[in-house]
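Listed here are the chains, written in short residue letters.
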Amino acid sequence: MLLITCPWCGPRDETEYHYGGQAHVPYPENPADLTDEQWAEYVFYRDNPKGPFAERWMHGTGCRRWFNVLRDTVSYEVLTSYRLDEPRPALPQAGGNR
Amino acid sequence: MTSTALPEHPDWLWRNPEPRSSYDVVIVGAGGHGLATAYYLAKNHGITNVAVLEKGWLAGGNMARNTTIIRSNYLWDESAAIYEYALKLWERLPEELDYDFLFSQRGVLNLAHTLQDVREGVRRVNANRLNGVDAEWLEPDQVAKVCPILNVSSRTRYPVLGATFQPRAGIAKHDHVAWALARRADEMGVDLIQGCEVTGFLKDGDRVVGVDTNRGRIHAGGVGLAAAGHSSVLAERAGVRLPVQSHPLQALVSELHEPVHPTVVMSNHVHVYVSQAHKGELVMGAGVDAYNGYGQRGSFHVIEQQMAAAVELFPVFARAHVLRTWGGIVDVSPDASPIIGTTPVENLYVNCGWGTGGFKATPAAGWAFAHTIATGEPHPLNAPFALERFATGALIDEHGAAAVAH
Ligand SMILES: Cc1cc2nc3c(=O)[nH]c(=O)nc-3n(C[C@H](O)[C@H](O)[C@H](O)COP(=O)(O)OP(=O)(O)OC[C@H]3O[C@@H](n4cnc5c(N)ncnc54)[C@H](O)[C@@H]3O)c2cc1C
Ligand SMILES: [Zn+2]
Chain A
1 MLLITCPWCG PRDETEYHYG GQAHVPYPEN PADLTDEQWA EYVFYRDNPK
51 GPFAERWMHG TGCRRWFNVL RDTVSYEVLT SYRLDEPRPA LPQAGGNR
Chain S
1 MTSTALPEHP DWLWRNPEPR SSYDVVIVGA GGHGLATAYY LAKNHGITNV
51 AVLEKGWLAG GNMARNTTII RSNYLWDESA AIYEYALKLW ERLPEELDYD
101 FLFSQRGVLN LAHTLQDVRE GVRRVNANRL NGVDAEWLEP DQVAKVCPIL
151 NVSSRTRYPV LGATFQPRAG IAKHDHVAWA LARRADEMGV DLIQGCEVTG
201 FLKDGDRVVG VDTNRGRIHA GGVGLAAAGH SSVLAERAGV RLPVQSHPLQ
251 ALVSELHEPV HPTVVMSNHV HVYVSQAHKG ELVMGAGVDA YNGYGQRGSF
301 HVIEQQMAAA VELFPVFARA HVLRTWGGIV DVSPDASPII GTTPVENLYV
351 NCGWGTGGFK ATPAAGWAFA HTIATGEPHP LNAPFALERF ATGALIDEHG
401 AAAVAH
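Residue numbers (full-length UniProt numbering), protein chains in the order written: chain A, 1 to 98; chain S, 1 to 406.
Check before you lean on any hint, since a few could be wrong.
[Claimed, not checked] Here chain A is said to cover these stretches of chain S; the calculated rule only asks that three of the stretch's residues, wherever they fall, bring their Cβ under 8 Å from a Cβ of chain A:
| no. | region |
| --- | --- |
| 1 | 30-42 |
| 2 | 244-254 |
| 3 | 386-397 |
The set of hints was computed from the structure by calculation and includes no laboratory data. All C-beta atoms, glycine included, are put in the ideal place defined by N, C-alpha and C.
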């Protein structure tokens, strides 16, 4: 089970949260101009990296707020978590204390 | 085909050749799908100058990790067509391959626990019958006749309100299926190359002309990806984006028991599926972990929930011990249906997105994928499952029949 830190409530078990997929996927700026292919991109296509991934989680049994997590999809290590109004943090230095 | 003697050891079943510098077709991934594709390329299309490249050992991916459930009771016409074609192939494959992989048509019950489940189940039974798929709706007392150890009392948390039943569904011994296909493909000249990881693609403009591997460069007239959980990371290296997400999916087995469980039972609502293997283990699976992952392990709370559901449905399991748990990485698509066909890159073909339920499709997936690679065109079976459907909107929404369970 993952240990995830909610920016407001602190570290809690994964079972308190709901997963929301990739973070930083903005709604199209000019929706009326999009082709079918571009709509498909927005609706159906998400990154699926092997390694660090910025993703959304919601603290369902706590404060019920959404936030972002940077997590390694191979080691499952939760690298950091941050609020929606904060930018994606730079990755911690390799070999550093993550 | 009911002998319980085990077939010969895999070492004798295929050569282990060195990779050559060029092939007509290279298949990436020696899971069931890659092997079936190679088998049908040779058998149906006479294309035998083929290599199947596998980064680990033959059929050591999801092929070795699944709960081996085979059924064809999907909702939509396109799915019924391909899964039922697979089931018909399964019914004749042991004889065709001359290999007893213990295909046992013991039937599958898909339980309903809510009024909505009941309606969905009845609708699916009707849809199945229209598509020539055997299906029946059973009331709780009929469910208990098929599977006497199942608790159908009205006093459980989620009582069994009925079930769909497909009598021709069943299980098969997964690694024997792989070995059977591998032996025949090898005999027809296909090179099965283990310990060979594809790390990139050779391209000539918009055309793939080969692959880079940890054992050197291999030229190819066509390249077929059958890499399950890794399809999107591979395709990306060829410049193709796939709408799939990779998730850990776990399963577990108990120690051996005398035969107690005569069929296969699945429940999407309380989320467990159970059968009893030929040797006697109870084989169980549950849902995927919600998050993306490539770690071939999953979260313990998923197992806890699955155990709770299993023990409530099958009170006799309460004192069984879990012997082993493991995980595989499955690639899940937005409509819970596979993607199988051509890509925007010429000579590159993809077979992926089978998610939690591709074992049952193994022969039909191989049949259709081989056709696509051999002719450059989809087979009628896989034409609806093209990548383009995400832009046209012609989705094949099988969440109800595939869901996380399968
Ligand atoms: C726990 C679990 C339970 C399941 N239960 C069922 C079930 O009951 N019924 C059902 O129908 N389906 C089930 N499935 C799904 C089924 O196993 C898969 O859909 C199916 O196995 C996918 O096709 P495959 O056999 O070719 O994949 P795999 O066997 O995973 O084959 C892909 C192969 O590609 C190789 N590969 C990946 N990248 C590379 C590379 N770069 N170079 C070379 N090789 C590479 C991998 O090592 C792997 O061997 C289950 C899956 C899991 C994990
Ligand atoms: Zn919180």
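Right, here's what the structure says about each hint:
no.	hint	in the structure
1	30-42	violated (count 0)
2	244-254	holds (count 3)
3	386-397	holds (count 4)
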